[in-house]
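Two chains, two separate frames, one set of hints: put the complex together.
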Amino acid sequence: MLEKNLEITVDELRHLVSDRALEGETMLLNMGPQHPSTHGVLRLLLELDGERIITCVPDIGFLHTGIEKSMETKAYEKVLVMTDRMDYLNNLGNNLCYCLAVEKLVDLDVPERAMAIRVLLVELQRIASHLVFLATHGLDTGAMSIFLYCFREREVILDIFEMCSGARMMTSFFRPGGLWRDVPDGFEETVRSFIEYFPKRIKQYEDLLTKNPIYTHRTKGIGAISSEEALKWGLSGPQLRATGLAWDLRKSNPYSGYERYDFDIPVGLNGDTYDRYTVRIGEMRQSLRIVEQVLDTLPGGPVRSDNRKFVPPPRSELSHSMEAVIHHFKLWTDGFPAPKGSVFVAIESARGELGCYLEGDGGPKPYRVHFRTPSFATLQTLPMLCKDHLVADVVAIISSLDPVLGDSDR
Amino acid sequence: MTVVEKAVAKLQRELGESVLSVEEFRGQTSVTLDHEAIVNACQMLRDDAELDFNFLAALTAVDYWPSEPRFKIVYQLYSLANKEFIGLRAQLSNESPEISTIESIYPNANWHEREVFDMFGVTFRDHSDQRRIIMPYDWEGHPLRKDYPLGYEEVQFTFNFDEIDKRKPYAKK
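If you read the sequences in order, they're chains A and B. Residues in the first sequence are numbered consecutively from 1, following the numbering used here. Residues in the second sequence are numbered consecutively from 1, following the numbering used here.
Only chain B is shown next, with the shape it has when bound in the complex (with noise of 0.2 Å):
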């Protein structure tokens, strides 16, 4: 049995209804979770001393949009000592893309969180520090949600500066 496999056995036993799915594709492994249960997925994958994943090596998340639920949030765990990845995917609706945040367990999620946020809009509860990360602070919408249009800015040049400058957000009285 591999440590993927005992992982997922455990997740299973002590969450079991918040387990929804067991995913396998290429012979990578993603746990879809209740997103309730999140915290404590991770908090049991990474102090169990013979899983030990202790290394959080990506978050980010995925646009469903117009379908539901509507966002999937991504995680990767890594276990230096076992050399295995693992993934935990939790799904959040439109009505309420909130999850509880997992900074507590591996600090190195708060920026990873904050870029969710930025980009996904999707809230993090008990975040210590949610503010807009990439996108300037007074950004309107959140850019890689599939609802938002791939735009572009105009260029201006003398002859349209100002017809250009009205139309900017921060022109906007």
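Just chain A, with the same shape it has in the complex (with noise of 0.2 Å):
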């Protein structure tokens, strides 16, 4: 059996390949999935001229965890906490897509205060994954100190997360029809220190890269790509703004309240690995704006919604309301039901367009739930990118997209 399927494989990656592989003129070199710069357990096989990369070939699914599949046994309420696992660095706004599913699915109002939180610990969470974006792409350019000093500011946010919810990354804090619970005291002041200093900060990180020859000459015209290219081959978020397009979810479709902060899209030129670092940097500092914002904005009231059936009741009720007992009882042996129906959800995450599928068949489960991830699309174009560029590059363009393996593989 096991010499049977070498055999495939090698057949299998005949027509991937070039004629001159199979003759033996060009190297097949493997790359991953243990591979440090690969980020996580992506394998790359590269087909080599020298040092030149003539085929890329990305193999995924070495973190396939059957997440879809086990979310379908799973009550509405408790699939939340699987989604945090897909994303690792971008737990809320995974969170926050599979709650506006699911609201949306059973047509659920949140309150003002809640969209508000939601709104300003996405913007968090995505500051906090461009910055181990920004500390693994400068180590894999060559790079060390700005891969220690990334990780101190992120763990300033990490640490806000933990105050709210618990949790440093699996945060599970968004839920279907508001929140877990309201933010504790301090966290404002905790916050806003955090706005006070980080714009120094991002200030330092560009003094290290942004001017830097050694790091514009391994970025600048690596990896670029077209508007027309890019949009073909379904990148959206960073990697499409970098290349010129100014298309971000949050503006042109916007959820969660997202129409009522200001900010901007930042956008690159080239589409290349440089671009992609500019924009992100610019998106750091957009989304300090909008939590600036809201923070000046917040409104009070409830965190969560009082529609019964969805939501429980809060503890106190338990004691005196009979009926809280029964909804509480009904919610956390059944679950709540959801009408027939199927529903799309795509919101802009740190990598970018993230979309929920998801279908109810009128039963306390969901039938079927897909999520539509970012990493999955940007790793298909990794060969178009690779293309004609040297192996030392191949590091620098995986990083500058920015991929999670737990994303594409789910």
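Please keep in mind that the hints were generated in silico from the structure rather than gathered at the bench. Ideal Cβ placement from N, Cα and C applies to all residues, glycine included.
Pairs of lysine-lysine, DSSO-like flavour, derived with a Cα cap of 27 Å:
id	chain 1	residue 1	chain 2	residue 2
1	A	K78	A	K309
2	A	K365	A	K309
3	B	K146	A	K69
4	B	K72	A	K232
5	A	K74	A	K309
6	B	K72	A	K74
7	B	K6	A	K232
8	A	K104	A	K340
9	A	K251	B	K83
10	A	K78	B	K72
11	B	K83	A	K232
12	A	K104	B	K146
13	B	K83	B	K72
14	B	K146	A	K74
15	B	K10	A	K232
16	B	K168	A	K69
17	A	K69	B	K72
18	B	K146	B	K72
19	B	K6	A	K104
20	A	K330	A	K309
21	B	K72	A	K104
22	B	K72	A	K365
23	A	K251	B	K6
24	B	K146	A	K78
25	A	K104	B	K83
26	A	K200	A	K211
27	A	K340	B	K146
28	B	K72	A	K340
29	B	K146	A	K365
30	B	K83	B	K10
If you want the footprint, here are the derived chain B segments under chain A, 3+ residues with CB under 8 Å:
id	stretch
31	80–87
32	127–135
In structure tokens, the structure reads:
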């Protein structure tokens, strides 16, 4: 059996590599899945002519955890916990996308305060995610110190998440109908102090990289793609905006109250690795602007919908209201039924368009959940971006696309 | 008349009986088409200068086993100019789960269709590279089908390593 399978791999690849590879003129090089620069468990098959890349065949699926299948066996509220585990650098974004889909499916309203806090936290998450991008991208292009600086600042954001939800990364903080609970005392001051000192840090990062000749030589003109090509290949988010196309779902199809906040869409010019870096730096500044606006206009009131058919009542009600006990019991044993029908919701995650297709069948469990994840779409373009570049550039290109393999494999 | 309404009207006009139904749910429109018409429909929606659905936002499938038609292929198209989504749906029977690829219109369908093939066993005619993408290449079955059980893999310890190893697919000779 084993021998036969090995035979299949060569046959399977025959149409993917050039004829020269089969004659042994070019070299086939396996990169990953345990390579530190592939950002997780991405495997690439590279066909090389000297140092030059002729073909690049990405191989994903090493982090497949069957999340979509498992989701079909859990009640709507419990599925949420699994969304954290997909894109582990953008947990709150995943929570938000799923919650919006459920809320759309069952037609549930969310209080103003919950919407505002969602926006605030998701923007902080975007900064945290971009910081990891910057850290690893810097590391891959030879700048070690920026890695340490970025993780230092990211830790501050993760502390804010821990303050709210009790967890640094696997937050599960947003729930269908609102939030798990209100933000704690001292939240506003902590975020304000972060807003105050973080712009200086961004400037520090820029001082280290933006005009650094070692960095610019390694990134300018590397892995460039045009807007038309990018759209054709389903690129979205910072990768698309780096090509000069200002498409942002937060602006074009606002959700969760984004239309209330004023921010710009940073765009690049050439769609190369350098532009993807500048766009993300710009996005961090814009995210800070949004966070500040949310804090200034944060409305009061409840953070959970009072529709008891979908949202469990607060604990304090259980001691004196029989109805609350019934709702509590029904929601935590059965879950709530969702109508027959399907919705598709897309949000702008840190990596691009994150879509959730959710189908209900009238019961308390989703019939089908599908996540259209941005990393899956970006990895598909890797062969094109890497073509005719050097092996060292592949590392820079992968990190500039900022894929998360948990996101692409699910 | 909104762009989505125009798109639906155009599909109904040009494709006639191939448009099986038009659904609206929570303000989102999806058009169920005959599976033979899907390539035409995508072409029409993308190439019409006014509609301009130039972005394939998602492509996936749903399994309705044991009822028929068993599979539903889900296409979500987006128009950057008009900022609108539209859904296309195609139904496939259990006997011939096969549909034409839309790779020629939206190249990024390549991987999405591979995923549907991998997870549901739906084949795409004229697909340039139809291989499994997420599951291992020697995997048996298609995990997201409803008749595929939600299984688990037993943990191998020293005491039961050989016993479990014998049951693994690669150990079969």
